[in-house]
Amino acid sequence: MTTPASPHSLLRRAAVALFALLACAAPAGATTIERVVSPLGIEAWLVHEHAVPLVALDFAFVGGANQDPAGKAGTATLVASLLDEGAGDIDSKTFHERLAAKAIELSYTADRDTIRGTLRTLTENSKDAFEYLRLSLTAPRFDTSDVEIIRAQVFSLLRRATTNPSDIASLHWWETAFAGHPYGLPVNGTFESLPTITVGDLHTYSRRVLARDNLKIAVVGDIDAEAVKVMVDHVFGALPAKAELTPVANATPQGLGRRIVTKVDVPQAVIAFGGPGIARKDPDFMAAYIVNHILGGGAFSSRLYREVREKRGLAYSVYDGLYWLRHAALFLGGTATRADRTGETLDVIEREIQRLADNGPTAEELAKAKSYLNGSFALNLDTSSKIASLLVQLQLDDLGIDYFSRRPQEINAVTLEDARRVAKRLLDHGLLVTVAGRPEGLESIGAN
Amino acid sequence: MCKKPILVLALLFAAVGAGRADAEPKVSHFTLANGLEVVVVPDHRAPVVTHMIWYKVGGADETPGKSGLAHFLEHLMFKGTAQNPAGLFTQRVADVGGQENAFTTSDYTGYFQRVPREHLKEMMAFEADRITGLVLTDEVVRPELNVVLEEQNMRVANNPNSRLGEQIDAAQYLNHPYGRPVIGWRPEIEALDRADALAFYKRFYTPNNAIVVVAGDVTAEEVKTYAEETYGKVQPRAEVAPRKRPMEPRQDAPRTVTLADPRVEQPSLTRSYLVPSRTTAKPGEAEALDALAQVLGSGSNSRLYRKLVIDKGIAISAGAYYSGVALDYGKFGVYGSPKPGTSLHDLEAALDEILADVIENGVSAEELDRAKTQLIADDVYAQDNQVTLARWYGAALATGETVEMVLDWPNRMRAVTLDAVRQAARTWLDRRASVTGYLVNSLKTEEKHS
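Going down the list, the protein sequences come from chains A and B. In this text, residue positions in the first sequence follow this note's numbering: the first is 15, and each later residue adds one. In this text, residue positions in the second sequence follow this note's numbering: the first is 17, and each later residue adds one.
Worth flagging that the hints you see were computed from the coordinates, not collected in a lab. Predicted, not measured: the structure shown is a model, and the values here were computed from it. Where hints are given, some of them may not hold.
[Claimed, not checked] From the structure, some residues in chain B lie toward chain A, with a derived Cβ separation under 7 Å:
| id | residue |
| --- | --- |
| 1 | T106 |
| 2 | E166 |
| 3 | Y397 |
[As the list claims (entries may be wrong)] Derived lysine-lysine pairs resembling BS3-like cross-links, with alpha carbons at most 25 Å apart:
| id | chain 1 | residue 1 | chain 2 | residue 2 |
| --- | --- | --- | --- | --- |
| 4 | B | K355 | A | K384 |
| 5 | A | K116 | B | K388 |
| 6 | A | K382 | B | K137 |
| 7 | B | K355 | A | K382 |
| 8 | B | K388 | A | K107 |
| 9 | A | K116 | B | K323 |
| 10 | B | K347 | B | K323 |
| 11 | A | K400 | A | K141 |
| 12 | B | K328 | A | K107 |
| 13 | A | K116 | A | K400 |
| 14 | A | K384 | A | K400 |
| 15 | A | K107 | B | K355 |
| 16 | B | K249 | B | K82 |
| 17 | B | K95 | B | K137 |
| 18 | B | K328 | A | K325 |
| 19 | B | K347 | A | K107 |
| 20 | B | K323 | B | K388 |
| 21 | B | K388 | A | K141 |
For each residue, glycine too, the CB sits at the ideal point set by N, CA and C.
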């Protein structure tokens with residue numbers, strides 16, 4: 015069982031933001047990445063590291079929840095949650111027992127743009143691990159009894175989310191920003207969509223999305239290039255050569271200037287705020303990344319941290335991150351604050367964002383942000399798991415295997431003039447704000 | 017919190033190292049003249065280090081009426097010293113691309129930085145300075161108190177499940193301070209001030225009450241040299257009194273608490289048994305509890321998940337855990353969430369049936385083998401992460417375990433017998449020594465169910 019992700023949670027978004035940050039902030043250090051291409055033409059990026067007797071394999075299929083059929087939001091989530099529930103002639107109970115007996119960890123998740131898989135095995139059990147992985151991808155069972163158990167678990171998550179202020183603020187942000195677009199639908203589905211998903215839908219989705227031309231693979235650990243070639247052909251070779259993906263339109267966050275308040279009877283109000291971002295391949299991306307770091311990306315040194323938390327004690331956590339989805343770019347931040355000071359908190363945030371849009375960062379802030387981003391890269395490469403997920407992200411972002419060596423120049427090339435111009439470009443659009451709680455000093459604006 | 021402190025490879029390497037004079041021992045442990053303990057865990061895969069200082073003081077060491085003080089002081093430790101004014105330490109960590117944070121539990125308070133290896137000594141110098149050098153003014157203390165109150169809102173007040181957890185702990189401990197939330201009771205947090213924080217600081221923050229753990233791309237020799245040049249210069253400023261807390265009387269009656277909140281959309285129940293910690297357990301007992309928790313309630317192979325979620329189809333989720341890294345008591349928990357249409361009462365009855373079977377008949381040899389394989393492999397996987405390693409050692413030493421106990425854990429785990437697991441179930445899954453908590457939408461609905 016892969017536990018379905020908690021829906022619409024701001025914390026989860028924070029985790030995604032962190033991941034995105036890692037993806038951006040990765041340098042080579044002593045790590046050597048090999049591009050391995052198998053006889054069948056399947057590519058994998060490999061870091062061969064034998065200090066620990068483990069193999070970590072991460073992979074992603076482009077697709078994810080944006081490929082859910084119309085009216086069937088949650089299909090990708092169900093598929094991901096069920097891929098490790100038995101395969102071939104092995105039922106879910108036996109499948110789990112066999113994995114456990116060899117301490118093989120296999121799990122799948124779905125997000126808006128991808129289905130991702132993660133395998134961890136001791137080197138000595140890697141042959142078995144690769145075989146179970148192959149079966150899970152090429153012969154998933156989707157037995158009715160397992161489907162109903164997972165469907166009930168996702169329903170339970172949806173029920174919980176209806177009264178959780180973080181989930182509510184996040185749900186409203188996404189459904190408003192991306193109304194009418196797949197990104198506006200919850201990845202875990204809805205009370206209406208989940209019951210309509212059939213076992214046939216799960217098989218169809220798998221056939222369409224689990225293919226070779228939309229697959230990115232990273233391997234880290236105690237395995238060499240020759241063994242990787244054999245492994246990827248064995249595991250992924252039987253998948254269809256081409257995915258059948260439904261085209262997804264590019265989108266820009268809507269609802270700027272709106273403020274949507276949902277009453278929830280809790281002492282602390284949760285605020286989500288954001289707007290359009292800058293695409294990963296845009297020449298201004300690195301400048302935008304630095305500007306965001308200065309605004310709310312740096313943990314204990316950002317402007318929002320100083321103004322909201324340190325000086326005024328308004329919140330325990332306040333953050334802001336850049337997101338680059340495959341069909342949209344955005345920035346999204348959040349905080350949680352006591353009801354009677356919610357208006358004041360949002361005022362401080364809006365003021366700081368406008369100040370940065372109008373004047374840009376100072377030369378000192380720019381220098382410190384560059385210093386941080388240059389120094390932090392080694393910290394993102396100290397575990398096999400971090401390296402593997404980073405290498406998958408680099409491939410999804412199409413940044414090239416030499417990205418690590420280009421990255422310092424890209425950071426250092428950002429001038430104060432660039433940062434000022436891009437701060438204006440990124441932050442001068444007004445915000446879409448959603449709030450859940452019983453806030454004082456703050457009313458809905460432009461709500462339906 | 018750490019599940020179980022162990023390190024399989026460390027053990028392998030230590031064994032290999034013993035036979036070779038030139039081999040670097042994997043884990044080193046030494047004590048400076050001022051009483052500060054140091055543990056070094058080398059990991060040369062990336063040029064980074066994790067540097068932690070652990071103080072042997074936590075929420076359970078507070079004076080009654082001052083709950084939340086250990087955690088509040090943890091926040092205030094970032095407000096600067098005479099030598100390094102407010103913000104400088106944090107700025108230096110950011111300048112070098114590092115990460116930092118801190119944490120507090122009932123038994124310890126820890127601070128850490130993760131930085132490129134060449135900055136280790138600078139971090140040690142900063143951390144040594146704030147063992148005794150903290151300067152606090154009301155201008156920084158007051159906003160920080162509000163930050164802590166918002167943290168309490170976020171972690172507890174906004175979250176019915178956490179509120180129930182506080183009530184369960186309070187019911188579990190009639191006498192021992194583990195019954196107090198680490199974040200504190202809200203009215204007591206509100207009353208904390210600068211003088212409270214400084215008095216607590218002077219009493220507990222002294223090198224002879226601390227453990228430094230360094231994991232990463234360093235050698236024990238380097239760390240020893242740096243430690244003597246930084247931490248070694250700090251004079252002890254307080255005698256460390258033995259940590260003797262009021263202990264629990266024998267529990268003769270099961271306790272129950274029910275938290276009703278209209279926001280609860282998914283009811284659940286959780287039962288907590290008072291059990292020994294790793295530190296207080298008899299030899300082999302904590303490992304038997306690890307195995308029991310694994311078989312009963314870890315993942316979809318576990319008894320509780322199999323029977324309640326899959327076979328009977330009456331639960332959405334179910335599981336069990338043993339949390340044993342503590343000075344005085346551990347906790348063994350079982351929990352479940354019913355499917356719509358099943359009452360908490362019926363779920364509990366089914367759960368009790370499973371427990372009764374394990375108490376009567378123990379677990380199977382196959383289950384125990386699988387549990388051992390997984391628990392031991394988890395630790396090999398965990399070696400991939402130097403932060404996890406550093407936390408194992410820090411938490412173990414701060415709660416009275418030794419480095420040797422940590423290293424020997426896989427051997428003790430392998431030695432667990434079927435009989436020991438059954439004995440653990442019989443001895444410790446005793447309803448009379450438990451608290452059961454129910455999370456419900458309204459008290460009325462719950463009465464109907466039971």
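Status of each hint after checking the structure:
At its closest, the beta carbon of B:T106 sits 5 Å from a beta carbon of chain A; the interface hint therefore holds under the 7 Å criterion. A distance limit of 7 Å between C-beta atoms decides the matter here; for B:E166 the minimum to chain A is near 4 Å, and the interface restraint holds. Interface hint at B:Y397: satisfied, since its Cβ lies 6 Å from the closest Cβ of chain A, which is below the 7 Å cut-off. For the proposed pair B:K355 and A:K384, the alpha carbon gap of about 52 Å is over 25 Å, so the pair is violated.
Taking the CA atoms of A:K116 and B:K388, the gap is about 11 Å. The hint holds against a cut of 25 Å. With a CA separation close to 21 Å, the supplied pair A:K382 and B:K137 stays within the 25 Å bound. For a cut-off of 25 Å, the pair hint linking B:K355 to A:K382 is broken: about 52 Å separates their Cα positions. Pair hint B:K388 plus A:K107 holds up; C-alpha atoms about 19 Å apart against a cutoff of 25 Å.
Restraint check: the Cα-Cα separation between A:K116 and B:K323 comes to about 23 Å, which is no more than 25 Å; the hinted pair holds. For the given pair, B:K347 sits about 23 Å from B:K323 by alpha-carbon distance, which is consistent with the 25 Å threshold. A distance of roughly 23 Å separates the Cα atoms of A:K400 and A:K141; the hinted pair therefore holds under the 25 Å criterion. For the hint pairing B:K328 with A:K107, the CA-to-CA distance comes to about 14 Å; that is within 25 Å, so the pair holds.
Of the supplied pair hints, the one linking A:K116 and A:K400 holds, its CA atoms being roughly 23 Å apart against a limit of 25 Å. This hinted pair checks out: A:K384 and A:K400 have alpha carbons roughly 22 Å apart, not beyond 25 Å. Our distance criterion of 25 Å between C-alpha atoms is met by A:K107 and B:K355, whose separation comes to about 20 Å. For the hint linking B:K249 to B:K82, the alpha-carbon distance of about 32 Å lies beyond 25 Å, and the restraint is violated.
With a C-alpha separation of about 21 Å, the suggested pair B:K95 and B:K137 falls inside the 25 Å cut-off, and the hint holds. Between B:K328 and A:K325, the direct Cα distance comes to roughly 55 Å. Violation of the 25 Å bound is thereby established for this hinted pair. This hinted pair does not check out: B:K347 and A:K107 have alpha carbons roughly 29 Å apart, beyond 25 Å. Between B:K323 and B:K388 the CA atoms are separated by roughly 21 Å; this keeps the pair inside 25 Å, and the hint holds.
In summary, the hint linking B:K388 to A:K141 is supported, as the alpha carbons are separated by about 21 Å, within the 25 Å threshold.
Checked against the numbered hints given earlier, this structure breaks hints 4, 7, 16, 18, 19; the rest are met.
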